[in-house]
Amino acid sequence: MWLFLGLLLHQPQHLSVYAAASLSDAFNEIADSLERRDPELKVDFNFAGSQVLELQLGQGAAADVFASADERWMQIARDSGFIEGTPQTFARNQLVVIVPRGNPARIGKLQDLARSGVKLVLAADAVPAGRYAREAIFRLAWSAGYPPDFSRRVLANVVSYEENVRSVASKVQLGEADAGFVYVSDVTPAVARQVRRFDLPDTANVIATYPIAVVRHATNSAAARAFIDFVLSPSGQAVLSKNRFLPGR
Amino acid sequence: MKPLVVRVALSAAVATLLCILALPMISLLVRLSPGELLHQLAQPVVLTALGLSLETSVATTMLVILLGLPVAYLLATKEFKGKRVLQTLVEIPIVLPPTVAGVGLLLAFGRAGLAGGALKALGIELPFTTLAVVVAQLFVATPFFISAATAGLAGIERRYTEAAATLGATPGYGFFRVLLPLALPSVLAGAAMSWARALGEFGATITFAGNLPGRTQTMPLAVYTALQDDLAAAVALSVLLVILSFTILLGLRFAPWGAAVGGALARPRRR
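Which chain is which? The protein sequence lines are A and B, in order.
Here the first sequence stands for residues 1 to 249, numbered as in the numbering used here.
Here the second sequence stands for residues 250 to 520, numbered as in the numbering used here.
Please keep in mind that the hints were generated in silico from the structure rather than gathered at the bench.
Be a bit skeptical, because a hint or two may be false.
Stated by the list, open to error - Some chain B residues near chain A, calculated using beta-carbon distances under 10 Å:
| no. | residue |
| --- | --- |
| 1 | Gly359 |
| 2 | Arg464 |
| 3 | Gln477 |
| 4 | Leu480 |
As the list claims (entries may be wrong) - Derived CB-CB ranges, DEER-like:
| no. | chain 1 | residue 1 | chain 2 | residue 2 | range |
| --- | --- | --- | --- | --- | --- |
| 5 | A | Trp142 | B | Val307 | 41 to 47 Å |
| 6 | B | Gly284 | A | Ser235 | 54 to 60 Å |
| 7 | A | Ala222 | B | Ala367 | 20 to 26 Å |
| 8 | B | Glu328 | A | Pro189 | 34 to 40 Å |
| 9 | A | Ala192 | B | Val349 | 25 to 31 Å |
| 10 | B | Thr348 | A | Pro201 | 33 to 39 Å |
| 11 | B | Val257 | A | Thr86 | 51 to 57 Å |
| 12 | B | Ala367 | A | Asp125 | 35 to 41 Å |
Values in this document were obtained by computation on a predicted structure and should not be read as measured data.
All residues carry an ideal CB built from backbone N, CA and C; glycine is no exception.
Based on the sequences and whatever the hints tell you, model everything.
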């Protein structure tokens, strides 16, 4: 009884972090180290497509930190007055193409993505990864060695627009899609075992930048700032780099 | 005359529940002006999703009846070993999170799934096709039909079919000309419930069939996709879904055969 009451009164300090789906592994690891340092702290995550998070902020979600996978949704959140202070870029990311290990569509090079019958999965247009993928496809179409109608043919091969980039990875991982555009960071060791990866040429690749900020009216803005400081610190950056992100600066 | 406190408690319960159930629908309905609503509904993406939703849900309902009726007949009229297990199995999709259903469908009927090889031999690749949408809807909608149809068939007294048999009717004749017409109200009610459920299917569809306008993007998926950058279009689609579902369920109640429908769907009967 007293123990129960004690547990009830002694609640840990909750920090609510809304973060892009692509950050889930890295941020979980960061939260683990933070919680080890401060046993009073409990980090709660809401991972989703950045566009969904922005929408939830708009509906008055009780978030303390917002980490977006592109500048666009952070800017929209800022313009709507959901953000406190200036967002800081803490990581960057790049796109790769993954195919199932068995490679059912026999993709040997990126040009093969335009072959008719290839089942390509992208993130939806509103998802940063989806927008970046489209941009990369258009850039490839302009590159030497690609047919002029490359982008039209590739986009005609899309069989699904997923709601976040991790769903793209899992459709390929399960072997249901022939190919998908995901971030380098999404190719986790578990995914890597089940897929083959094709890097995009530097000229066609898009660098995704990840901004992070404290949410206005955060219930726990001190902890929010501490979280962001840790993400930007050498130890936080080391975790991100271990999870295949490029440094923010 | 009930004591005041009971009446107050009853009205409070009714009012609270009505608020929780009705307020969201009303909020959707009043959010857009009629003009804006019509403008949104005329968008190609909305019309495409509406067409696909109607096509797939009607196909699903027909399949549900075709495949579900024999099962309902079996459950209603026969005693056999494992009947309860079968009954439970048929009911599971009601309580299963649809996303779980979607993952299960992928692992079973995806091309890398358990039955993927067999399907491929038949030239069928399900994921990302309209057929996959129907399969996902079938999975979640069937239980509603089976429970209503089973209850209906079981409620018909044996003596009618027995009398028909004595008069020389074959079992087939007995089923289609005697049992089924008597149980028709429940069968139709079950079909309508399944139809409404298929129309609202989201989680299993997006997981198993993917999300592509014109091929697998039904109305609920279009709502979710639109919600991310076009709230007005999402609300318009939602209004359409609310009206459609409401009409189906209301029609069920006012249909000439609605009176005989058993269970939760029953219209109050006057004695």
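These are the hints, each one checked on the structure:
1. Gly359: This interface hint holds because 5 Å falls under the 10 Å limit.
2. Arg464: holds, 8 Å
3. Gln477: This interface hint holds because 4 Å falls under the 10 Å limit.
4. Leu480: holds, 8 Å
5. A/Trp142 / B/Val307: 41 to 47 Å: Since A/Trp142 and B/Val307 have Cβ atoms about 45 Å apart, the given range 41 to 47 Å holds.
6. B/Gly284 / A/Ser235: 54 to 60 Å: Holds: the Cβ-Cβ distance is about 56 Å, inside 54 to 60 Å.
7. A/Ala222 / B/Ala367: 20 to 26 Å: About 59 Å separates the Cβ atoms of A/Ala222 and B/Ala367, which means 20 to 26 Å is violated.
8. B/Glu328 / A/Pro189: 34 to 40 Å: violated, 54 Å
9. A/Ala192 / B/Val349: 25 to 31 Å: holds, 26 Å
10. B/Thr348 / A/Pro201: 33 to 39 Å: With a Cβ separation near 37 Å, B/Thr348 and A/Pro201 satisfy 33 to 39 Å, so the hint holds.
11. B/Val257 / A/Thr86: 51 to 57 Å: holds, 55 Å
12. B/Ala367 / A/Asp125: 35 to 41 Å: Taking Cβ atoms as reference, B/Ala367 and A/Asp125 lie about 36 Å apart, which means the hint holds.
Going through the hint list in order, the structure does not satisfy hints 7, 8.
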